[in-house]
Amino acid sequence: MVDNRMRFTIDQNMQFPLVEIDLGHGGSVYLQQGSMVYHTENVT
1 MVDNRMRFTI
11 DQNMQFPLVE
21 IDLGHGGSVY
31 LQQGSMVYHT
41 ENVT
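Residue numbers (my numbering): 1 to 44.
These aren't lab readings, by the way, just hints derived from the structure by calculation.
All residues carry an ideal CB built from backbone N, CA and C; glycine is no exception.
One or more hints might be untrue.
Said to hold, decoys possible - Per label pair, the in silico range of CB-to-CB distance:
id : residue 1 : residue 2 : range
1  : MET1      : GLY34     : 33 to 41 angstroms
2  : MET6      : GLY34     : 20 to 28 angstroms
3  : MET1      : GLU41     : 16 to 24 angstroms
4  : MET1      : SER35     : 30 to 38 angstroms
5  : GLU41     : LEU18     : 31 to 39 angstroms
6  : ARG5      : TYR38     : 21 to 29 angstroms
Construct the complete structure from the given sequences, taking the supplied hints into account.
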């Protein structure tokens, strides 16, 4: 059985909690505009 659940970690050792999301191929997530601290170049 394939595990298709989104994987994420929450880093609370920052000024603001930071969530790192690992999406599989074709995965998507909805984020509030202006809420991202940074993202890799392959995120649009």
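Evaluated hints:
Roughly 38 angstroms separates the CB atoms of MET1 and GLY34, a value that falls within the hinted 33 to 41 angstroms. Separation of MET6 from GLY34 is about 22 angstroms and conforms to the stated range, judged on CB atoms against 20 to 28 angstroms. For MET1 paired with GLU41, a C-beta distance near 33 angstroms fails the hint of 16 to 24 angstroms. For MET1 and SER35, the Cβ-Cβ distance of about 33 angstroms falls inside the hinted range of 30 to 38 angstroms, so the restraint holds.
A C-beta distance of roughly 18 angstroms is found between GLU41 and LEU18, which places it outside the suggested range of 31 to 39 angstroms. A hinted range of 21 to 29 angstroms for the beta carbons of ARG5 and TYR38 is consistent with their spacing of about 24 angstroms.
Hint check: violations occur at hints 3 and 5; the rest are consistent with the structure.
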